[in-house]
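**Q** Listed in order, the protein sequences are those of chains A and B. Residue 438 in the numbering used here sits at position 412 of the first sequence, with consecutive numbering throughout. Residue 359 in the numbering used here sits at position 333 of the second sequence, with consecutive numbering throughout.
You may find that some hints are simply not true.
For identical chains, the list gives no copy identity; a pair is met inside one copy or between any two copies.
[Said to hold, decoys possible] Restricting the straight-line Cα-Cα distance to at most 30 Å, the calculated cross-link-like pairs of lysine-lysine (DSS-like) are:
no., residue 1, residue 2
1, Lys299, Lys239
2, Lys140, Lys299
3, Lys268, Lys140
4, Lys268, Lys77
5, Lys268, Lys239
In short, the hints are calculated from the structure, not lab data. What you are looking at is a predicted structure, and each value in this text was computed from that prediction instead of being measured.
2 protein chains.
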Amino acid sequence: MNDLTQTPEMIIGAMGARARLATTILAAAPSAQKAEALLAAARALRGATAKIILANRLDMERGTANGLTAAMLDRLRLDEARIAGIADAVEQVATLADPVGQIIDESVRPNSLKLQRVRVPLGVIGIIYESRPNVTADAAALGLRSGNAVILRGGSEAVESNRAIHSAMVAGIVEAGLPADAVQLVPSTDRALVGAMLRAVGLIDIIVPRGGKSLVARVQEEARVPVLAHLDGICHTYVDAKADPQMARQIVLNAKMRRTGICGAMETLLIDKDFPQAELLVTSLLDARCDVRGDDAVRAMDDRVEPAQAADWDTEYLDSIVAARIVDGVDEALAHIATHSSHHTDAIVTEDAATAEHFLQACDSAIVMWNASSQFADGGEFGLGAEIGISTGRMHARGPVALEGLTTYKWVVRGTGQVRP
Amino acid sequence: MNDLTQTPEMIIGAMGARARLATTILAAAPSAQKAEALLAAARALRGATAKIILANRLDMERGTANGLTAAMLDRLRLDEARIAGIADAVEQVATLADPVGQIIDESVRPNSLKLQRVRVPLGVIGIIYESRPNVTADAAALGLRSGNAVILRGGSEAVESNRAIHSAMVAGIVEAGLPADAVQLVPSTDRALVGAMLRAVGLIDIIVPRGGKSLVARVQEEARVPVLAHLDGICHTYVDAKADPQMARQIVLNAKMRRTGICGAMETLLIDKDFPQAELLVTSLLDARCDVRGDDAVRAMDDRVEPAQAADWDTEYLDSIVAARIVDGVDEALAHIATHSSHHTDAIVTEDAATAEHFLQACDSAIVMWNASSQFADGGEFGLGAEIGISTGRMHARGPVALEGLTTYKWVVRGTGQVRP
């Protein structure tokens, strides 16, 4: 076949068909074989370090010429340490418990039919991601461990790096006797191929976008294939009247300032009007070089506070900026969160257990926290070993998604000749 | 507000906002209160029997005038016995275990953070259905039991019946102290309102279409809201060489002929070339007045067998017709099923446990069966107590969907002041 004459639908269609064939082998592959494939892939990655660095240098040079920002170039850059880290992460996924084959529940019906719900792979997963080339290995590893075939479409900035990493991953997979088509890389960064992936109903079972808001928004808007994604992380911390002041200060500073660019970072601080040390919270943030945009009550606490505009309550800053507001009790905090939260992670700080439990019940977010920093919102911190993303949708998986979120189940019914009356 | 000046988006937007408000009460409602609301709704339905029959008579008259088929009129018809059956079903849902609040799993992290995954309602469920008015009560009951608000859009043929049933349901819900907005009926059968529901991202969390293929296909094509649906039930039964002939005959006749119009009915019969009584299977079906469309080998067994065309292997007849083919062993059967099945329910009949287990593992369908009739594919038969539908998708819920499938979960994290290093 001549690539020049192929439509995007033909290219993705052929990849999808090969991926589907691979799933029949992957779904039946013993857990040990899938783990061995990942260990072999990690060895291949380490062995290909020089090649991957060379490929990455091409991407870096093109990126520099194209005027990528320093931050984008840093995300793109690979060196020995980062490649070792990527291989370590692949090995780590090999140690995770395999969800495939797990019996979710079982029963025996009055007519003696035996029922089980058994975990099986989702099938074919499409991953659409941006500049970080480590996703090529991470997503492939998580997909493979859970018995799925993966179709990867990385960013155009990282095309050479992604190809080099993909080659190493495939070498390991094949060494362990699993099909090379288990992990496929879309052959070009033509954007029409993304469109074809998003419309590949029946070929791709689920799309996972990993990247900035505009990517995720495009995927959610265009996709006909189901999407597992999160769009925003507008996370709130509510400091109750009965919060321990010292704990509140530590949690608020950590939730905002530990890393401002992650989706679990606090973006809005809600303080009860009866919390005695509200001013200390606000000045601590300002002293830590965080811009505070407050309502009138917060502005009255410190001259450095700027006035919050209406849009601030709906903004994911991903920066050293926080919106802050005084509220009248937990229910006003909950009402604010219901209106403005992206339902990713919202937290309460209080010593009052009844107020905390009310908040944990009534706050309708993927993750709700009591007396902890929202920066813990992470698959690794939750003990999942890794994560393919954090879902703010309500279907399928919610919050940090790792191996279990990449599976579905089937109903297995064993009879002895039963017919339905 | 004047309905005549409202766009479909405004009407659905207002309903969605009221539904969302209702979810905050429903999500926190004790299990006993939700059960009491359903028992009160059942009493209200029984009390409104005369009113519902009057309303139904209007629908029947209009349907007759509009030339509905006898089958459609039968689906539409309500009498005392059918209304009692609807009330019984609502009472039955009240007895089902409430999934909300169930702890799926929990762990304590090395830093002493306590994690739980807790089941919560999905939120707002949109149900789009056709002529059977009992869905108004069934869907409302399942939604309410699982703490969801429901927006119902029934078929235009049943508009008066649906309104009468909806009024009775709401009366019961309000009597138990739950909000009337828990169950809303779309005020007109204007098709533009269906479109507005399908695009109501953020207002409606999930759409469940219940009806014929064209309805489900339209919903799957147009929806921006996630859809829980099944499109086809092209179910296979494979009779292995080592099947018990008597059992095979009973299962095949039951799977095809018990009720031909349900989605779990067998549409294709695959017989191993070494099964000694293939001819008996085929003649038994023919003698039971089932049309058989066969490949050459099947045609050679009986003059009454018609030739199968290519399209037959991909057809859901929902009628007394079966496509039949001789295959060379379980793997050829699996290959046929992989190509032609709608992945709803597929079954093997064999006395060979190893062959059976191979089939159960390798067949990638929502329900896989060994030595049982595919007509058991049903939430009631599976012990779920009821079903909102059978999902052939791979995301979220698969196979029969009842209360658990109408929930999601949230991560509840309880700390003692932990901050992330």
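**Q** Taking the hints in turn, state whether each one holds.
**A** Going down the list of hints, with the structure as the test:
In this homomeric assembly, lysine 299 and lysine 239 never come within 30 Å of each other (Cα to Cα): the closest approach is 34 Å inside a single copy and 56 Å across copies. When the C-alpha separation of lysine 140 and lysine 299 is checked against a cutoff of 30 Å, the pair qualifies only between copies, where the shortest distance is 29 Å, while the shortest distance within a copy is 58 Å. In the homo-oligomer, the alpha carbons of lysine 268 and lysine 140 lie at most 30 Å apart only across protomers (21 Å), although the nearest pairing inside one protomer, at 53 Å, exceeds that limit. Taking CA atoms no more than 30 Å apart as the test, lysine 268 paired with lysine 77 passes in neither setting, with 58 Å inside one copy and 55 Å between copies.
Neither within a single protomer nor between protomers do lysine 268 and lysine 239 lie at most 30 Å apart by alpha-carbon distance, with minima of 36 Å and 57 Å respectively.
The structure fails hints 1, 4, 5 (numbered hints given earlier, in ascending order).
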